[in-house]
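**Student:** As they're listed, the protein sequences go chains A and B. What the first sequence shows, in our numbering, is residues 72 to 480, in sequence order. What the second sequence shows, in our numbering, is residues 187 to 774, in sequence order.
It is possible that part of the hints are untrue.
Claimed, not checked - Here are the simulated DSSO-like pairs of lysine-lysine, each with C-alpha atoms no more than 27 Å apart in a straight line:
1) K281/B <-> K466/B
2) K700/B <-> K677/B
3) K677/B <-> K215/A
4) K554/B <-> K281/B
5) K677/B <-> K214/A
6) K700/B <-> K675/B
7) K331/A <-> K293/A
8) K700/B <-> K674/B
9) K198/A <-> K675/B
What the hints assert, rightly or not - Incomplete in silico selection of chain A near chain B, CB under 8 Å:
10) A104
11) E287
12) E312
Calculated from the structure, these hints are not laboratory results. Note that CB positions come from ideal geometry on N, CA and C, so glycine has one too.
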Amino acid sequence: MGFAEAIHKLGGNSLDARQRGRRRRLILQDAAALLSLAGITLALSVVTYFFFHSFRAHRQVLESRWFERGQQDLASGHAQDAVEAFRSALTLSSGNRAYELALAQALADAGRTDEAYTYYSTLLEAKPGDGLLNLRMARLAVKKNDPAEAIALYQAALNGDWLAQGVSRRREARLELAQYLILQHMPTRAQEELLTAEGNALENPAVMNQIAALLEQAHFLKDALTAYQRAQQHASSNSPEMLQAFLGEGRVAKSLGEYKVARQALERYLIHVRSVGNPPEDPAVVASWFDQLQRMQALNPLPSLPPRQRAQRILADGGIARQRLRACIAQQSTAAQPKQDAATLAILRSEWKTFPSLRLSQLANNQQRQDSLVSLIDQTEIWANQRCGAPTGDDALLLQLATVPNRTE
Amino acid sequence: MDMEAPSTATTPSPVDSFSALSEEEMRQIAPTRENRLLLVLSIFIGILSGLLVVCFRISIEWLQVLLLGSVPHPGQYRLLFAPMLVGLLVAILVKYFFPQARGSGINQTKAALYIYNGYISFRTMIGKFVTAALAIGSGHSLGPEDPALQIGAGLASIVSRHLRLSRERLRLFAPVGAAAGLAAAFNAPISAILFVIEEVIGRWSAAVLGSIVLAAVSSVVVARAFWGSEPMFHIPSVNLRDNRELLAYAVLGVVGGLASVLFSRLLGWLRPWLRTLPKKTQVWQPAVAGLMVGAIGFFGFPQVMGPGYDVIDHAMHGEYLWHILLTLAILKILATTLSFSSGTPGGMFAPTLFIGAMLGGTVGSVEKLFFPHLTGSIGSYALVGMGVLFAGFLRAPLTSVFMVLEVSGNYSIVLPVILANTIAYLLARSLQTIPIFEVLTLQDGLSLPSMEEAREETALRVEDAVHAPDIPVVFGTDAPASIVETMKKQKVELALVRCRNHRWYVLTVSEAAKAIQASAARIEDALPDERAPLLYPDLALDETLPHFRRWPVLPVVNRAVSGFLEGVLSQNDVLQCYQNHLQVHGHR
Numbered sequence: 072m073g074f075a076e077a078i079h080k081l082g083g084n085s086l087d088a089r090q091r092g093r094r095r096r097l098i099l100q101d102a103a104a105l106l107s108l109a110g111i112t113l114a115l116s117v118v119t120y121f122f123f124h125s126f127r128a129h130r131q132v133l134e135s136r137w138f139e140r141g142q143q144d145l146a147s148g149h150a151q152d153a154v155e156a157f158r159s160a161l162t163l164s165s166g167n168r169a170y171e172l173a174l175a176q177a178l179a180d181a182g183r184t185d186e187a188y189t190y191y192s193t194l195l196e197a198k199p200g201d202g203l204l205n206l207r208m209a210r211l212a213v214k215k216n217d218p219a220e221a222i223a224l225y226q227a228a229l230n231g232d233w234l235a236q237g238v239s240r241r242r243e244a245r246l247e248l249a250q251y252l253i254l255q256h257m258p259t260r261a262q263e264e265l266l267t268a269e270g271n272a273l274e275n276p277a278v279m280n281q282i283a284a285l286l287e288q289a290h291f292l293k294d295a296l297t298a299y300q301r302a303q304q305h306a307s308s309n310s311p312e313m314l315q316a317f318l319g320e321g322r323v324a325k326s327l328g329e330y331k332v333a334r335q336a337l338e339r340y341l342i343h344v345r346s347v348g349n350p351p352e353d354p355a356v357v358a359s360w361f362d363q364l365q366r367m368q369a370l371n372p373l374p375s376l377p378p379r380q381r382a383q384r385i386l387a388d389g390g391i392a393r394q395r396l397r398a399c400i401a402q403q404s405t406a407a408q409p410k411q412d413a414a415t416l417a418i419l420r421s422e423w424k425t426f427p428s429l430r431l432s433q434l435a436n437n438q439q440r441q442d443s444l445v446s447l448i449d450q451t452e453i454w455a456n457q458r459c460g461a462p463t464g465d466d467a468l469l470l471q472l473a474t475v476p477n478r479t480e
Numbered sequence: 187m188d189m190e191a192p193s194t195a196t197t198p199s200p201v202d203s204f205s206a207l208s209e210e211e212m213r214q215i216a217p218t219r220e221n222r223l224l225l226v227l228s229i230f231i232g233i234l235s236g237l238l239v240v241c242f243r244i245s246i247e248w249l250q251v252l253l254l255g256s257v258p259h260p261g262q263y264r265l266l267f268a269p270m271l272v273g274l275l276v277a278i279l280v281k282y283f284f285p286q287a288r289g290s291g292i293n294q295t296k297a298a299l300y301i302y303n304g305y306i307s308f309r310t311m312i313g314k315f316v317t318a319a320l321a322i323g324s325g326h327s328l329g330p331e332d333p334a335l336q337i338g339a340g341l342a343s344i345v346s347r348h349l350r351l352s353r354e355r356l357r358l359f360a361p362v363g364a365a366a367g368l369a370a371a372f373n374a375p376i377s378a379i380l381f382v383i384e385e386v387i388g389r390w391s392a393a394v395l396g397s398i399v400l401a402a403v404s405s406v407v408v409a410r411a412f413w414g415s416e417p418m419f420h421i422p423s424v425n426l427r428d429n430r431e432l433l434a435y436a437v438l439g440v441v442g443g444l445a446s447v448l449f450s451r452l453l454g455w456l457r458p459w460l461r462t463l464p465k466k467t468q469v470w471q472p473a474v475a476g477l478m479v480g481a482i483g484f485f486g487f488p489q490v491m492g493p494g495y496d497v498i499d500h501a502m503h504g505e506y507l508w509h510i511l512l513t514l515a516i517l518k519i520l521a522t523t524l525s526f527s528s529g530t531p532g533g534m535f536a537p538t539l540f541i542g543a544m545l546g547g548t549v550g551s552v553e554k555l556f557f558p559h560l561t562g563s564i565g566s567y568a569l570v571g572m573g574v575l576f577a578g579f580l581r582a583p584l585t586s587v588f589m590v591l592e593v594s595g596n597y598s599i600v601l602p603v604i605l606a607n608t609i610a611y612l613l614a615r616s617l618q619t620i621p622i623f624e625v626l627t628l629q630d631g632l633s634l635p636s637m638e639e640a641r642e643e644t645a646l647r648v649e650d651a652v653h654a655p656d657i658p659v660v661f662g663t664d665a666p667a668s669i670v671e672t673m674k675k676q677k678v679e680l681a682l683v684r685c686r687n688h689r690w691y692v693l694t695v696s697e698a699a700k701a702i703q704a705s706a707a708r709i710e711d712a713l714p715d716e717r718a719p720l721l722y723p724d725l726a727l728d729e730t731l732p733h734f735r736r737w738p739v740l741p742v743v744n745r746a747v748s749g750f751l752e753g754v755l756s757q758n759d760v761l762q763c764y765q766n767h768l769q770v771h772g773h774r
């Protein structure tokens, strides 16, 4: 349409007066209709706004009520009820992360492992790098007795995201993994995890004690001893952590045959325990361990002792061991003995035959004889332990000395 | 038809009732008025529909809290009584106050479009709002989308009547409102637009597309202002590491297709059977259906009550094991069949999505049991399942794909969705030829156009009727006398003249004789300026019909080589072609 034509039409010049009047009325009516529509829209917007927000507020009250109920149920051990409560909260607030995690936890606590596992899997698919989810799934995999999956999930948890306190949470997950690896008879992998954790927890004596205990459990005694000693370096004096570290050090050093270190650790424990309110171990018990160590020191025929003193200890230990052998033979006489056992016994008997005739002066001058007697004492205690059960008293201490690979003071 | 529809004869003419001006007069005094109003009104309709749908959904949720408690749990007696008593109330309201509010809303909107000139009364719209909110809020297994569609269409009808738009515009506006209502209910504008085009209008129409888009977008903007722009469901990205995994989705397509057929057949059987019962029982049917649906909830599965979007979300998050998911799917089919067949107002979109999600979750869970390495999550299977049922049961294949993409906001799922939906659609169509909306229409004694048939229809083209020229073909430079000679020789009354600019003219004997009388050296000099229309072989055959009034035969030319004659076409050829087609494909 040309410009002139448009102007012409706009002005309605082609229309007669009656039509122009109608046209004007029509325009006014349309304007009024559109204005009334705008008014209706505005009024409906206001109504909808208040309607919507009043419902939202009510819904929020309901969802938090369900969530609180679920938490109470979970805390009081009613996990089944908690599942329903959390599910209800989620119905009212779909996608709420806290509710989802709570529901998953409730499912797991209720023993609905498969459901919990599936639910966690779905949550994990949405956030595959979530450390907490991976950790919880790893625990479920442990429950499901799926070690490969559990270890993989623990590893994913270690590499995953932790929204807050990432360092400490990763460390906790690592210690949990190490504990699981120990239970799965994978001590070397456990040791790797524990040593990594140790490197990240040097200034935290509580965690260091925990790591040391796990290393001890995995039979990495030297690493455990070092960890306990490191814990002592950073623990404040007279703190429970310090006592724990002394106690652990004493125990591990004793197992390693480092009796002097063990004695010193227990001694320090007994000194510091007086100022700590709630000690990790009863001081009377620790005192008895300390006495045992003292006695063990008196029995220990260390090669570094002066020859005469060493000979004296060997003769005393020999008397105890010979007595143990006699008692054990008397106890075993009625029972039929296996052939191999009889042979060992015969050797032991023949070797002990010459013992009563031994003189202190002779033995003190014969280093070789001393060593062979120490070996005979060890063999006798070990044999008697196997045949006649665990010994008590000095025999028990001699047995401990016999089983320590490197005898030190 | 579900409703006691007003006959076309008694339907008040919108123009008559609102103005003394006739349509013709209005067109004369304000010829561009409607075009100008159209876009502004589309936006208003979109915003108002959005607001109404927000109110509608909040009403449903409030009613759910009031009638069923904040979250229904098995063993609550209110689960039995609420749907039963509200069912009775709704039946009374529908019978005595809002007879046209019965049923889903999609067929009513189609009927308004095709039978009642776009007329939907204010009473119907209010009735639909109130009765559907009550029914769905009390736990009947129905959804809010189809009523939202009808509410939107009703609103558009009221607004356009108020502004005294022409009959043609009134018809156009009902689908515009329908798209707005559906878009707000789904928070998915593309799906709503496609659904209205696929299922309500049945064809792409440029006249209405702009308005539909504007209205849908406006309503979604309003809905998102309240509910936020987050997609309805969240699933992680689907990363198909191995294309063989598509087989797992194909299995879902097969399962979904079969379930669609089962659902359709159940509805197709129960609904007419209930109608054969004495008329006085009909007021009790929603109450009985409500009691039965309530019993399902009371005895352990309250998830099937209401639309169930929260349950779909739970399923997508892997909260249910496969046997629970399967049970929920079966019970939902049962509950929805009962609720819908009883005539309770409410839609089938949400239940369809629910069933699909549960079946998808089931298939996903079972497949994960046997093939734990599959990369798709249970959520992704549930989502694809939704699309599968949408394609198989509602028979809207294109909408089903976009619906899944929009409600999840996740494009990574597109391949599995297309594959599974196509399988479900083809399987359902082969086992159940008539789509569910058409089944319902036929049960109601109406004859609305079948959109699926329209899609299937093979359009006849010019190439189907064209044949080699059986009249002389001459050049514009030829002498008129020689042309007449040729025509006489061939004993024909017509000749095709190739003129300048590669255009053609159909010459009659009398025109040639006049040219001789005028002593024209070349026939072209004696011809008028007018030329035969340009017709190409790929054009729809019906496009040729208007030209036969002027031209006895029509030349058909090549699109690539300008003016190159492909053949000719007469009116008789066209009619013959249509008759042959009818013989081969039969009557509709």
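**Student:** Holds or violated: E287/A as interface residue toward chain B, Cβ cutoff 8 Å?
**Tutor:** The hint is violated - E287/A has no Cβ within 8 Å of chain B, the shortest such distance being about 38 Å.
**Student:** For the hint on A104/A, does the least C-beta distance to chain B fall short of 8 Å?
**Tutor:** holds, 5 Å
**Student:** Would the pair K281/B and K466/B pass a check requiring their Cα atoms to be no farther apart than 27 Å?
**Tutor:** holds, 11 Å
**Student:** Sort out whether K214/A lies within 27 Å of K677/B, counting only the CA atoms.
**Tutor:** violated, 99 Å
**Student:** Is K700/B within 27 Å of K674/B, Cα to Cα?
**Tutor:** Satisfied, since the Cα-Cα distance of roughly 16 Å is no more than 27 Å.
**Student:** Measure nothing beyond the straight line between the CA atoms of K700/B and K675/B; if it is 27 Å or shorter, mark the hint as holding.
**Tutor:** holds, 19 Å
**Student:** For the pair supplied as a hint, K331/A and K293/A, is the alpha-carbon distance within the 27 Å limit?
**Tutor:** holds, 15 Å
**Student:** Can E312/A be said to touch chain B, with a Cβ gap under 8 Å?
**Tutor:** Cβ of E312/A sits 43 Å from chain B, so the hint is violated.
**Student:** Taking only the CA atoms, is the gap from K198/A to K675/B under or equal to 27 Å?
**Tutor:** Since the Cα atoms of K198/A and K675/B sit roughly 87 Å apart, the hinted pair is violated (cutoff 27 Å).
**Student:** Mind checking the alpha carbons of K677/B and K215/A for me, to see if they're no more than 27 Å apart?
**Tutor:** violated, 96 Å
**Student:** Check the hint pairing K700/B with K677/B against an upper bound of 27 Å on the C-alpha distance.
**Tutor:** holds, 19 Å
**Student:** Quick one, are K554/B and K281/B close enough, alpha carbons at most 27 Å?
**Tutor:** violated, 50 Å
The structure does not agree with the numbered hints 3, 4, 5, 9, 11, 12 stated previously, though it agrees with the rest.
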